[in-house]
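K.L.:
Each chain is listed here by its residues.
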Amino acid sequence: MRGEVAIVGYGRTPYSRAKPGEPVLTVDEYIAWAADLALQKAGLSKNDFDGQGLGVAHAEVAHTVNWSAATAENLGISPQILLRADQGGASAASMLIRAAAMIHAGIVDRVLVVGADTPLSIPSAAPGLPLSPERTRGVYWDFQGPFGVMGASAQFALVQTRYMYQYNLTPEQLGKIAVNARFHASLHPGAIYRKPFTMEEYLGSRMLSDPIRLLDCVPIVNGGLAYVVTSAKTARTLTDRPVYLRGFGEINNYYHGSRALPDITTTGFTQAAPQAMKAAGVTHREIDFLQPYDDYPFIAMMTIEDYGFCKKGEGGRFVEEHDLRFDGDFPLSTDGGQLSGGQPGGAIGGFMPLVEAVTQLRGEAGERQVKNARIGAACGFGGIPYGRPGRSCISLILGTEP
Amino acid sequence: MTDLSTSKPLPTITDLTRPFWSAAKNGRFVLQKCGRCATFNFHPKPWCIECGSRDLSWVDAKPFGTVYSHTVSRNVAMNSPEWQSEIPLLMCLIDLDDGARMYAQVTDCRPEDLHIGMRVEVHCVDISEDAGIPKFRPLVASAKAGAPDAA
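Residue numbers (my numbering), protein chains in the order written: chain A, 1155 to 1556; chain B, 231 to 381.
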C-alpha cells in the first residue's frame, strides 16, 4: 500500500488552558474548528465528504453513544463509512491506517479525521485535574485507584525507575529532551508554553513522582485537530504537496517477555517501527525527523531506541550525542511536542506528531522548518496498560514522494 | 483499629472481583489461578491471559513478593484528594512469589530505603464494610517464610 494515500490537509486549533475569563468551547466546536482548518488547507468543503468517510477519535469529555454518527450530524455530513478510534494517543494514527485500507479497497476516496477534547472542563474528583468517568469505571480502575496509583506520572515513573535499574540513563539526558521541546515551542505560535527554560531549571523543578519531575510532565489543554486523507490520485489534483503514507506498523497490547511478568522497559515500537520502515522501504539514515508521542521525555527516549536508532539501553547516550533541534542531526518533536505544546486530552495529543510531520513535509513549518525534509516518522502511543508502558504503538513513515 | 475511611476511591465490587475484596477484608490474600495451565492472573481476568481457559478459581496465594519497581508519589494526581494524608506515598510494582505482578502501596518503609529487589510481605487493610486491600511492608530478615522458592 506504499504511497497509495496522501494527507492533503491538516488543522490544529489554538489551545486553551481554560483560565478564568477565557471562552470555554465544547468538544463539538473544537471538532468543527479543526475540521474547518483542515478543509481550507485541502481546498475541500464538508460536502465533499458526503458518501465518503468520517473518522472521530474518542474523547474523555462526556459524549453520546454513536458518537461518530452524532458528530456527522453536528457537522451536517452524510458519510458512507464512519471510523471511530478508542486507542488513546494512537487514535489519530490508527484511523489513518484504517482510512488507507478503506481507500485501498476502493470503498471510499477520502476521509476527514477529527479529534478534540476538553479535559480541563470535566468535573473532577480531584479539583483541577481530569478524572473522567471513562477513567474511573471498570476493573482497570478498581485495581489502581483504590490502591493509590496516582495516574500517568506514577505509572510511567515505575517504568522509568525500572529502566534506570536495567540501563544507564541520567536526568540530564531526559532534561535535554525537555529543554529541546521548549525551544521548539518557542518557534511554534500555537504552543501553550513558549518561554525557554534551562537545564538547571529542569533539574531544579520539583519531584512529583520519583524520578519524574514537574518539567517532565505534559500540560493538559482543551483543543482539537483534524486531517484529510485521500487517494494519491485525488491528492495530486488537490495539491502539489501531498504527503504520502509510505508505511505503517501497529501493535496493540504488546508484551515484552512473558504475559505475567513482562520486561516493561521495551515498548511495542520494537515491532511496529521495523514493520513500518520495511513497508516504506526506508532505513534509519533516510529519516529526516522523528515526531514521537512525547507526553514524558522518558517515553520519547524509549521510542528512539525501540525504533532502532540506537541499541536498546543506549537511548540516553544517543540523546546526549545528537543535536535534537530542527536544524540538528536528529530533529525531534519539532513543534515543541506535547510537552510544551500541550495535550488536548490523552486521546487527541496523538494527532500532534502526525500533523507536525505533515507540516514539515509540506515545508510549512516556518521558523522551525527542517531543511529539505523528505521522509519523516510519526508515532501514535495510546493507553497505559496495567503495570506496563503503552497499550497501542503505531509507527507511520510519511514522505514527499510515494 | 483499622482505618475505615470511605473517602478514598472504593472499588465497584462485582461477582468476578468480590472474592478478592472479601478475602482481604478477612486478612487473606487470594489470586485467580488457572485450572488448566496453573497461571496466576492479576488483576482479575475473564479468562486466563496465558491459555484462554475460563476455568479460573480464587486460591490462597503466597503473601510475599519482591519489589520490581518503585516510585514515591509526592502529590495527589488523578486520584482522590483523600490520599493527601498518606503523601509521600510509596507505590510499587510487586512481583509476587506466585508469579503475577501488581501495583501496591508499600508501608512501614522510609522512601530512601525502598529499592528494587526488596522482599516484602502482604498486610491487609480494611477500606469499607465489604472490602479490604492488600498492601506490603518490608519483610524482616529473619522471616524465613519469605525466602523465594528457587533462590
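Worth flagging that the hints you see were computed from the coordinates, not collected in a lab.
All C-beta atoms in this analysis are idealised placements derived from N, C-alpha and C, irrespective of residue type, glycine included.
Please note that a few of the clues may not be correct.
To be verified - Ranges of calculated distance between the beta carbons of each label pair, as one might list FRET restraints: (1) B:Q314 with A:G1482: 42 to 50 Å; (2) B:S237 with A:R1528: 51 to 59 Å; (3) A:G1482 with B:S315: 30 to 38 Å; (4) B:N305 with A:N1407: 29 to 37 Å.
Stated by the list, open to error - From the structure, some residues in chain A lie toward chain B, with a derived Cβ separation under 7 Å: (5) L1191; (6) V1293; (7) G1299.
K.L.:
Against chain B, with CB atoms and a cut of 7 Å, does the hint on G1299 (chain A) hold up?
P.N.:
Constraint on G1299 (chain A) satisfied, holds at 4 Å.
K.L.:
State, for the Cβ atoms of N305 (chain B) and N1407 (chain A), whether the hinted interval 29 to 37 Å holds or is violated.
P.N.:
holds, 30 Å
K.L.:
Can L1191 (chain A) be said to touch chain B, with a Cβ gap under 7 Å?
P.N.:
Where the cut-off is 7 Å and the nearest Cβ of chain B is about 31 Å from L1191 (chain A), the hint is violated.
K.L.:
30 to 38 Å was suggested as the range; check whether the CB atoms of G1482 (chain A) and S315 (chain B) agree with it.
P.N.:
violated, 47 Å
K.L.:
How does the Cβ-Cβ distance of Q314 (chain B) and G1482 (chain A) compare with 42 to 50 Å: does it lie in that range?
P.N.:
Once the Cβ atoms are compared, 43 Å apart, the range 42 to 50 Å for G1482 (chain A) and Q314 (chain B) holds.
K.L.:
Hint validation: V1293 (chain A) versus chain B, beta carbon distance must be below 7 Å. Holds or violated?
P.N.:
holds, 6 Å
K.L.:
Quick one: are S237 (chain B) and R1528 (chain A) within 51 to 59 Å, going by C-beta?
P.N.:
Cβ of S237 (chain B) to Cβ of R1528 (chain A): about 57 Å, so the range 51 to 59 Å holds.
Comparing the model with each numbered hint stated earlier shows that hints 3 and 5 do not hold.
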